[in-house]
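These protein sequences, in sequence, are chains A and B. Here the first sequence is numbered in UniProt numbering, starting from 1 and rising by one per residue. Here the second sequence is numbered in UniProt numbering, starting from 1 and rising by one per residue.
Among the hints, a few may not be true.
Derived BS3-like pairs (lysine-lysine); straight-line CA-CA distance at most 27 angstroms [to be verified]:
1. A/Lys-131 with A/Lys-89
2. B/Lys-104 with A/Lys-89
3. B/Lys-62 with B/Lys-104
4. B/Lys-89 with A/Lys-125
5. B/Lys-89 with A/Lys-145
6. B/Lys-36 with B/Lys-145
Chain B stretches covered by chain A per the calculated footprint, using a threshold of three residues with CB under 8 angstroms from any CB of chain A [unchecked claim]:
7. 103-114
8. 134-146
Keep in mind the hints are simulated off the structure, nothing from the lab. Note that the Cβ used here is the ideal one computed from N, Cα and C, for glycine as well.
There are 2 protein chains.
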Amino acid sequence: MQRYFIDQSKTAGKVFLPEEVAHHLVTVLRAAVGTKFELVTADHQAYLAELISITPGNVIAKLIENLGKDSELPVKTILACGLPKTKEKPELIVQKGTELGADKIVFFEAERSISHWNSQKQPRKIARLQKIADAAAEQSHRNVKPQIEYCPSLKQLLANYPATIRLVAWEESAKEGESSRLFQALAKLQTGDSILAIFGPEGGLSSAEVTIMEENGIIPVGFGPRILRTETAPLYFLATVSFVTELSKNN
Amino acid sequence: MQRYFIDQSKTAGKVFLPEEVAHHLVTVLRAAVGTKFELVTADHQAYLAELISITPGNVIAKLIENLGKDSELPVKTILACGLPKTKEKPELIVQKGTELGADKIVFFEAERSISHWNSQKQPRKIARLQKIADAAAEQSHRNVKPQIEYCPSLKQLLANYPATIRLVAWEESAKEGESSRLFQALAKLQTGDSILAIFGPEGGLSSAEVTIMEENGIIPVGFGPRILRTETAPLYFLATVSFVTELSKNN
Chain A
1 MQRYFIDQSK TAGKVFLPEE VAHHLVTVLR AAVGTKFELV TADHQAYLAE
51 LISITPGNVI AKLIENLGKD SELPVKTILA CGLPKTKEKP ELIVQKGTEL
101 GADKIVFFEA ERSISHWNSQ KQPRKIARLQ KIADAAAEQS HRNVKPQIEY
151 CPSLKQLLAN YPATIRLVAW EESAKEGESS RLFQALAKLQ TGDSILAIFG
201 PEGGLSSAEV TIMEENGIIP VGFGPRILRT ETAPLYFLAT VSFVTELSKN
251 N
Chain B
1 MQRYFIDQSK TAGKVFLPEE VAHHLVTVLR AAVGTKFELV TADHQAYLAE
51 LISITPGNVI AKLIENLGKD SELPVKTILA CGLPKTKEKP ELIVQKGTEL
101 GADKIVFFEA ERSISHWNSQ KQPRKIARLQ KIADAAAEQS HRNVKPQIEY
151 CPSLKQLLAN YPATIRLVAW EESAKEGESS RLFQALAKLQ TGDSILAIFG
201 PEGGLSSAEV TIMEENGIIP VGFGPRILRT ETAPLYFLAT VSFVTELSKN
251 N
């Protein structure tokens with residue numbers, strides 16, 4: 001069923017739909033009065049809704065019931081990705097990362113980032129990625145739209161993104177035969193915890209960057225023996241967070 | 001380090017490089033005599049190699065040592081994907097699925113597949129996808145190039161793709177609150193086993209298709225509470241197979 005986010009909290013049973021939602025529902029999907037769909041309010045509650053009135057400039061829906069379902073990961077999951085070279089990779093990370101439950105996706109300037117987002121470009125780039133996240137959140141039936149952010153340096157990343165557990169994907173870690181730190185870290189997670197995972201850009205992170213991270217208590221983890229591209233590793237990570245916190249807890 | 005696959009098995013220390021490999025190494029990468037790279041022979045062994053002679057039509061390398069590393073998943077993992085609508089989705093599944101360790105990727109005509117590959121189109125499509133798989137296998141340092149195949153019906157899929165464990169990604173399964181069947185299935189896997197996972201196209205599988213699968217002993221599993229796109233679910237699945245068989249066994 002079609003799902004939309006609205007900025008309003010539930011105040012009464014009737015909702016005046018925002019222009020964008022009304023346009024998509026009535027003009028794009030040609031929905032008529034009586035059509036049912038889902039609305040997620042600003043307080044992250046998902047409702048079954050029904051279209052009750054369509055007049056020019058005023059499209060009104062009625063909230064039928066709170067679906068009482070929360071599709072969010074039980075832990076707040078933050079991806080921090082070294083700015084990739086191409087435009088397509090951040091878009092893929094954002095779209096798939098949203099489907100897979102990320103709470104926040106931060107692109108930071110890493111030592112080997114070839115692309116740089118200057119202060120002029122950066123708000124436009126983030127706005128575009130946020131749109132992709134919003135659409136993916138509707139499509140994947142999230143209760144929360146992930147926040148897309150930009151961070152100009154590793155230093156600021158480490159200072160501004162605290163979390164219960166902080167990891168860095170480190171290929172050398174896999175080469176050293178390390179194969180259980182990710183498992184051990186995820187096994188510790190409890191509902192309400194937060195977890196930050198840092199990923200390098202195409203050229204990888206430098207040893208200096210990883211050393212700084214280790215000095216800040218960030219755990220280097222391997223993701224298995226194959227080399228994953230910069231846009232694939234975050235998806236691997238999110239799948240394992242879901243697997244451990246959503247699929248393996250209530251056997 | 002650059003890795004290439006060759007069709008020869010190791011017979012002696014010297015290898016005449018196939019034209020395509022020689023072209024990429026010498027013309028594209030401008031490698032000179034003395035350059036080191038990796039070669040995977042037809043018996044799936046990875047060697048450190050060195051370029052020892054470049055003459056027109058003859059590029060020769062020396063195998064220095066068997067790297068003794070196997071980056072393959074300990075279980076043979078087969079993806080069976082309902083043929084998606086767009087060209088991009090099979091390409092993404094093949095590229096990312098290869099990085100994540102798939103042994104075989106089969107595209108089958110599902111009831112709700114909108115695209116159809118007729119017998120004229122089909123070999124060309126598969127050849128193109130196989131090229132993407134081969135390149136991704138080199139880049140991700142696999143020892144095996146996954147096989148890309150086409151299957152014209154669910155019936156033939158069920159008959160021709162046996163496996164130790166066979167699963168189907170079934171959204172309704174998640175809606176029913178089922179959340180541990182994937183975990184339970186993966187926990188049973190032993191080295192050398194095979195696992196087949198079936199995924200619907202964009203419109204999903206029909207209840208009839210899932211019923212036929214269940215009658216054939218295929219287990220419906222949910223992948224968490226969010227709705228994953230047809231190209232995202234196989235990646236989630238492969239990440240969990242890696243996590244369980246490669247990262248959680250030797251704590």
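Hints, one by one, checked against the model:
For a cut-off of 27 angstroms, the pair hint linking A/Lys-131 to A/Lys-89 stands: about 15 angstroms separates their Cα positions. Our distance criterion of 27 angstroms between C-alpha atoms is met by B/Lys-104 and A/Lys-89, whose separation comes to about 25 angstroms. Of the supplied pair hints, the one linking B/Lys-62 and B/Lys-104 is violated, its CA atoms being roughly 31 angstroms apart against a limit of 27 angstroms. Note on B/Lys-89 and A/Lys-125: the hinted pairing holds, with a Cα-Cα distance of about 24 angstroms set against a maximum of 27 angstroms.
Distance check on the hinted pair: B/Lys-89 and A/Lys-145 sit about 24 angstroms apart at the alpha-carbon level, within 27 angstroms; holds. Pair hint B/Lys-36 plus B/Lys-145 holds up; C-alpha atoms about 22 angstroms apart against a cutoff of 27 angstroms. For the segment 103-114 of chain B, the assignment as covered by chain A is violated, since 0 residues bring a beta-carbon within under 8 angstroms of that chain's beta-carbons and 3 are needed. Residues of the segment 134-146 of chain B with a Cβ under 8 angstroms from some Cβ of chain A number 4, which satisfies the need for three, so the listed coverage holds.
Checked against the numbered hints above, the structure violates hints 3, 7; every other hint is satisfied.
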